[in-house]
Every structure is written in C-alpha cells, then in structure tokens.
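Sequences listed follow chains A and B, in order.
FYI, UniProt numbering numbers position 27 of the first sequence as 27, with every residue one higher than the one before it.
FYI, UniProt numbering numbers position 353 of the second sequence as 353, with every residue one higher than the one before it.
It cannot be assumed that every hint is accurate.
[Said to hold, decoys possible] The calculated DSS-like cross-link candidates involving lysine-lysine, where the alpha carbons are at most 27 Å apart (straight line), are:
(1) B/K88 / B/K153
(2) B/K337 / B/K117
(3) A/K83 / B/K337
(4) B/K145 / B/K88
(5) B/K432 / B/K329
(6) A/K47 / A/K9
(7) B/K354 / B/K336
(8) B/K379 / A/K83
(9) B/K321 / A/K47
(10) B/K272 / A/K83
(11) A/K61 / B/K321
(12) B/K329 / A/K44
(13) B/K117 / A/K61
(14) B/K200 / B/K156
(15) B/K329 / B/K354
(16) B/K88 / A/K61
(17) B/K329 / A/K61
(18) B/K166 / B/K156
(19) A/K44 / B/K204
(20) A/K47 / B/K329
(21) B/K128 / A/K44
(22) A/K50 / B/K156
(23) B/K235 / B/K156
(24) B/K272 / B/K128
(25) B/K255 / B/K145
(26) B/K235 / B/K200
(27) A/K61 / B/K110
(28) A/K83 / B/K432
(29) A/K61 / B/K114
(30) A/K44 / B/K153
Derived from the structure by calculation, the hints contain no laboratory data.
Small disclaimer: the values here were computed from a predicted structure and weren't measured.
This is what each chain is made of:
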Amino acid sequence: MSSITPPAKEQVIQLYRQFIRASSRFNNYNFRHYFLRRSRDAFKESKDVKDPEQLHNLLSKAREELQVLQRQSSISQMYSFDKLVVEPLDRHHRNLNETK
Amino acid sequence: MHCVKNIIKVSRPLIQKRLLNNSAVNPATSASAASTISNKIKEELHKPGQDIIKNAFQVNQDNGTRPIYLDAQATTPTDPRVLDVMLKFYTGLYGNPHSNTHAYGWETDKEIEKSRKQVADLIGADPKEIIFTSGATESNNMAIKGVPRFYNKTKKHIITSKTEHKCILDSARHLQDEGFDVTYLSVNEDGLIDLEELEKAIRKDTVLVSIMAVNNEIGVIQPIEEIGKICRKNKIFFHSDCAQAVGKIPIDVNKMNIDLMSISSHKIYGPKGVGAIYVRRRPRVRMDPIITGGGQERGLRSGTLSPPLITGFGEACRIIKEDMSYDQKHIERLSKKLMDGLLSMEHTQLNGSKQHRYAGCVNVSFAYIEGESLLMALKDIALSSGSACTSASLEPSYVLHALGADDALAHSSIRFGIGRFTTDEEIDYVIKAINERVEFLRELSPLWEMVKEGIDLNSIEWSGH
Ligand SMILES: Cc1ncc(COP(=O)(O)O)c(C=O)c1O
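Assemble the whole structure, with the sequences as input and the hints as a guide.
Structure, rendered in structure tokens:
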C-alpha cells in the first residue's frame with residue numbers, strides 16, 4: 001500500500017494533545033496519573049516510526065483508544081470519591097477545613 | 001517530640017502488658033486474649049487528643065483522607081478500558097450467549113469467544129482449553145476435587161505444598177475426608193519447594209500435583225517448568241494456581257507442561273467474580289464437574305456465562321499481555337525504591353526468596369512491633385498483614401510459619417502490593433510514613449529499649465510460664 005501518504009505531523013501533535021487532555025480529566029488520582037504516563041510514553045516509543053503504513057495503523061488504533069479515554073474520563077467525573085492522602089483537596093474544601 | 005514523650009508515659013503500662021503477653025514470649029497466648037489486647041491498642045490510638053496519631057492519619061491537612069491502595073494481591077482496581085468494554089453488555093447487548101436461535105444470542109456468543117481467545121493467548125493455550133468460572137477459588141476446587149474423583153478407581157494420592165492458597169488446602173482436606181491421601185510438601189526458608197522431595201513423594205497411585213506459581217503472601221516464584229517436567233515424566237497431571245502469576249510473569253502452558261491452571265480476573269485489573277481454568281486437551285485431562293446442569297463449557301461448568309464479566313476479563317488479559325514489559329518495568333522500579341526505603345531501617349527483613357520473586361509483592365518483617373498494631377497506626381495506607389487471608393483472626397500467617405519464621409516474626413510482617421496504577425509519589429509517602437511510625441511504635445516498646453541497651457532478649461526468663 002505505497003499509495004498511503006504519511007500522516008502530517010500536526011495530526012500527531014493534535015492527537016497527543018487530546019490524549020493528555022482526556023487523561024488529565026480523570027477524577028481518580030491513580031487513573032489520571034497512569035494514563036498521563038502511558039500516553040506520554042506511548043507517543044515517545046513510536047516517535048521514530050517512519051513507515052507510512054505502520055504510522056497509519058498506529059494512528060487509527062490511537063484514535064480508538066482516545067475515544068475510550070474520553071468516555072471513561074467523563075464517567076470518572078460522574079462518580080467521585082474522597083481525595084487520597086497524597087492529593088491536594090480542591091480549594092473550597094480546603095477553606096472549609098480551615099473554618100472548622 | 002515533646003508530644004511523643006507524653007504518649008509514651010500514658011500508654012507504657014498497657015503496652016508493657018501487651019508485650020509481655022505477646023506470643024513472642026508466650027507461645028500459649030490465645031487468639032482471644034490477643035484480640036482484646038489489640039482492641040485496647042485500638043482504643044489507645046483513637047483517644048481524642050492523641051495528636052501525633054491523629055496527625056499520622058492525615059499528615060497534610062490540605063490533602064484528602066482516602067488511604068493509598070497498596071494491596072494489589074488482594075485485588076486490583078478495574079481498569080477503565082475494561083469497564084468500557086463491559087458497559088456495552090449492561091446497556092444493549094443482553095442476549096444469552098447460549099441462545100443459538102436469534103441474533104441477541106449470537107452477538108454475545110461472538111464476544112465471549114473473542115474473550116476466550118484473549119485469555120488463551122495470554123498463557124499460550126488453545127481457546128477450546130479455556131473454561132470460564134467464577135474465579136480462581138472455583139477453578140482450584142474444580143481441579144483439586146474434580147481430577148482425583150474422576151480417576152478414583154486407580155489413583156488415590158495427590159501432592160501439593162504447605163504454602164498454597166487456602167482454597168487449595170481446604171479442597172485437599174475435603175479429599176482426605178473422601179479417602180484420598182495428600183502429601184503437603186514443605187518449603188525451605190526462601191519459600192521454595194525441593195524438587196527432590198517432590199520426586200520422592202510421587203507414588204504409583206499419584207494422580208495430581210498442584211503447586212502455585214507466585215505466592216500471594218510473599219511473592220515467591222516456584223520452579224514451575226521443572227515441576228512440569230517431573231510430572232510429565234511420571235505421567236501425573238500438573239495443576240498450577242496462577243492467580244497471582246498470569247500477566248505478571250511469562251506463563252506458557254506448553255513450555256511449562258501445565259495440564260490445569262487457575263486464573264482470576266480481578267488480580268489483573270479485570271472485574272471480580274470471574275476467572276478461568278485451563279484444561280489440557282492433548283493429552284486429555286478428564287475431571288468430574290462440580291456444577292452440573294445445562295452442559296455449558298464442555299460440560300465441565302454448567303450455567304449461563306456472564307458476557308459483561310467475561311468480556312471485561314478478556315480485555316484485561318489483552319491489555320496485560322500487550323503491556324507486560326511496560327507494566328513490569330514500572331512495578332520493578334517502584335518495588336526497588338520501596339525495598340531500599342524499608343530495608344534500610346534496622347531490624348527489618350524481606351520474607352521469601354530474594355532471587356525467585358515477583359517484584360509487585362514485597363513482604364517485610366519489622367522486629368519488635370506487631371504487624372497488627374502497625375497496620376492500626378497506618379490508617380492512611382491500605383495494606384494487609386501476612387495473616388490477612390482470614391482477616392478476622394489474629395493468627396500469624398501459616399505461609400511465614402512454613403518458611404520457619406517464629407510467631408514474633410510472622411506477627412510483625414506486612415505485605416506491600418504494587419500494581420499498574422501505583423505512583424512514585426505514593427511510594428515516597430509510604431516509605432516516609434512507615435519509617436516514622438515504626439520508630440514511634442518501637443519507642444513505646446520496652447523490648448526495643450532492652451535491645452537498644454544491648455540486652456539479649458533470648459537470655460531473659462519471662463515470669464509466669
Ligand atoms: C493464589 C491465589 N489463589 C486463588 C485466589 C482466589 O481467587 P478468586 O478471588 O478469583 O476466587 C487468590 C486470591 O485471593 C490467590 O491469591
């Protein structure tokens with residue numbers, strides 16, 4: 001399939017930004033940190049891929065994964081739990097603590 | 001520091017009494033006495049005004065209060081990617097996968113078969129050899145009871161080890177009640193079985209050997225490939241409980257000559273309540289089913305399969321296979337950091353083999369404190385002590401006992417379970433918290449004072465016994 005043109009660099013950068021945005025929207029501390037780390041590492045791992053076909057496959061797989069992340073980060077915002085002991089409270093909670 | 005001193009004065013008589021009653025010095029202490037003492041400590045730790053302890057539970061007032069999860073051997077969080085697959089089956093795809101007369105059944109059946117392949121791929125098996133169950137407990141029961149019962153006319157003996165999970169040991173006891181002989185192999189101080197001892201234990205009427213791959217309490221990895229060879233040579237079926245191993249260390253049923261294998265979904269970021277048993281087809285392993293009925297799953301496990309649970313399990317297998325080296329690199333790094341941070345404290349020791357172990361399970365003993373009281377002072381970290389299996393009892397761990405640990409050591413051990421979602425920040429927090437609180441609890445201990453003064457505790461004659 002040599003007719004495939006390599007995806008533009010901007011496309012990859014935009015996809016990367018979307019991954020980071022979706023990952024950082026997870027309410028759950030551990031999921032948020034994991035998906036941020038995993039997204040960064042995944043893009044780093046394949047930054048030297050030059051073969052157009054391989055790049056296309058990677059991108060279409062990434063697009064599917066992005067949809068999963070977007071759905072799941074939204075769900076994570078619907079069900080929130082107390083913050084962890086390593087996690088700063090939101091500002092209004094902190095103020096509440098001080099007035100106690 | 002001022003605050004600490006005050007508390008020492010308040011609690012010394014109580015602590016003293018507890019320590020002198022401790023099974024470390026009085027093996028006859030009954031479990032009930034131990035638990036009343038523990039309750040007293042609990043009260044002590046929760047008295048209002050004990051600021052150091054209160055602060056210990058919430059070190060930073062600007063942070064939340066939910067504990068850090070460090071109990072990956074008990075269970076793991078469900079991966080959001082797993083949930084994403086499962087949701088389809090709670091929102092639209094509800095057909096019974098065994099309904100073969102209409103599309104609702106066909107579509108869920110197709111997804112189940114895809115999951116079966118994902119599970120099989122993770123362990124190098126054929127999809128036809130995967131039987132879905134409710135979890136590793138059920139799989140273990142099926143193997144330990146089912147195989148000997150099928151061959152009971154000619155074979156009467158099975159072999160397992162003393163450090164297996166309770167569901168293996170309990171199933172073996174049931175077999176003994178039915179008239180089978182069971183050999184429980186002992187382990188060395190590293191937690192490993194002796195292959196020569198295994199060969200010696202084999203009899204003409206031995207039908208099954210069951211040895212786990214990764215131990216759930218100490219993370220020790222048994223020589224599965226060598227055991228497989230011995231079993232094949234002697235034409236004995238080999239079952240392995242791989243609940244803690246699958247997806248974490250490379251497992252291949254053919255390379256390792258495994259005939260039956262138990263797998264659990266919730267230990268690999270899948271949903272709870274589902275698992276599988278691998279049953280070899282060539283040479284064929286036959287067994288009596290425990291659950292009979294509609295004849296699903298080759299007649300070995302009747303009952304309607306759960307598409308949401310099974311597809312979640314399948315997706316968990318796919319992810320952990322694809323990311324095994326990535327996940328393990330992360331876990332190994334955190335594990336090394338944690339071990340360096342804990343074992344640099346004096347009078348601590350790592351339990352189980354140093355070489356043959358899974359990095360995500362770190363079991364450490366802290367001498368001169370009791371694991372249970374350390375856990376109570378660590379409300380901000382979700383951990384379990386070696387004895388957590390039957391959480392209601394304060395009995396020291398039978399696994400650590402099998403390694404030759406005395407009661408005191410077994411009582412003072414804590415298991416740290418690291419997983420895919422553990423962060424560096426969490427490990428740093430845990431190292432700091434453990435260092436501070438171990439020191440705090442030791443300061444309360446008259447035993448510790450004696451140790452610091454150079455008194456050999458073994459030379460003391462304790463009164464009253
Ligand atoms: C080694 C081992 N076997 C079996 C089990 C039981 O698994 P399940 O919870 O899937 O029944 C566990 C988990 O507790 C385990 O660690």
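Each hint tested on the structure:
1. This hinted pair does not check out: B/K88 and B/K153 have alpha carbons roughly 48 Å apart, beyond 27 Å.
2. Distance restraint check for B/K337 and B/K117: the Cα-Cα separation of roughly 37 Å exceeds the 27 Å cut-off, and the hinted pair is therefore not satisfied.
3. Of the pairs offered as hints, the one joining A/K83 and B/K337 holds, with about 24 Å between alpha carbons and a cut-off of 27 Å not exceeded.
4. With a C-alpha separation of about 36 Å, the suggested pair B/K145 and B/K88 falls outside the 27 Å cut-off, and the hint is violated.
5. For the proposed pair B/K432 and B/K329, the alpha carbon gap of about 23 Å is at most 27 Å, so the pair holds.
6. This hinted pair checks out: A/K47 and A/K9 have alpha carbons roughly 11 Å apart, not beyond 27 Å.
7. With a C-alpha separation of about 12 Å, the suggested pairing of B/K354 with B/K336 holds against the 27 Å cut-off.
8. Between B/K379 and A/K83 the alpha-carbon distance is near 15 Å, which keeps this suggested pair within the 27 Å criterion.
9. The hinted pair formed by B/K321 and A/K47 meets the criterion: a straight-line CA distance of about 22 Å does not exceed 27 Å.
10. Taking the CA atoms of B/K272 and A/K83, the gap is about 24 Å. The hint holds against a cut of 27 Å.
11. For a cut-off of 27 Å, the pair hint linking A/K61 to B/K321 stands: about 17 Å separates their Cα positions.
12. Pair hint B/K329 plus A/K44 holds up; C-alpha atoms about 16 Å apart against a cutoff of 27 Å.
13. Note on B/K117 and A/K61: the hinted pairing holds, with a Cα-Cα distance of about 20 Å set against a maximum of 27 Å.
14. About 16 Å separates the Cα atoms of B/K200 and B/K156, which keeps this hinted pair within 27 Å; it holds.
15. With a C-alpha separation of about 18 Å, the suggested pairing of B/K329 with B/K354 holds against the 27 Å cut-off.
16. As the CA atoms of B/K88 and A/K61 are separated by approximately 20 Å, the hinted pair is consistent with the 27 Å bound.
17. Proposed proximity of B/K329 and A/K61 is supported: the alpha carbons are some 23 Å apart, at most 27 Å.
18. For the suggested pair B/K166 and B/K156, the alpha carbons sit about 22 Å apart, so the restraint of at most 27 Å is met.
19. With a CA separation close to 57 Å, the supplied pair A/K44 and B/K204 exceeds the 27 Å bound.
20. Using a Cα cut-off of 27 Å, the hinted pair A/K47 and B/K329 holds, with the two alpha carbons roughly 20 Å apart.
21. Distance restraint check for B/K128 and A/K44: the Cα-Cα separation of roughly 38 Å exceeds the 27 Å cut-off, and the hinted pair is therefore not satisfied.
22. Simply put, A/K50 and B/K156 have alpha-carbon atoms about 62 Å apart, too far for the 27 Å limit, and the pair is violated.
23. Proposed proximity of B/K235 and B/K156 is supported: the alpha carbons are some 15 Å apart, at most 27 Å.
24. Between B/K272 and B/K128, the direct Cα distance comes to roughly 23 Å. Compliance with the 27 Å bound is thereby established for this hinted pair.
25. Annotation: proposed proximity of B/K255 to B/K145 holds, straight-line Cα distance about 25 Å (limit 27 Å).
26. Of the pairs offered as hints, the one joining B/K235 and B/K200 holds, with about 15 Å between alpha carbons and a cut-off of 27 Å not exceeded.
27. With a C-alpha separation of about 22 Å, the suggested pair A/K61 and B/K110 falls inside the 27 Å cut-off, and the hint holds.
28. With a CA separation close to 20 Å, the supplied pair A/K83 and B/K432 stays within the 27 Å bound.
29. Restraint check for A/K61 and B/K114: satisfied, since their Cα atoms lie roughly 18 Å apart, inside the 27 Å limit.
30. Taking the CA atoms of A/K44 and B/K153, the gap is about 61 Å. The hint is violated against a cut of 27 Å.
In summary, the structure is inconsistent with hints 1, 2, 4, 19, 21, 22 and 30 from the numbered list given earlier, while agreeing with the others.
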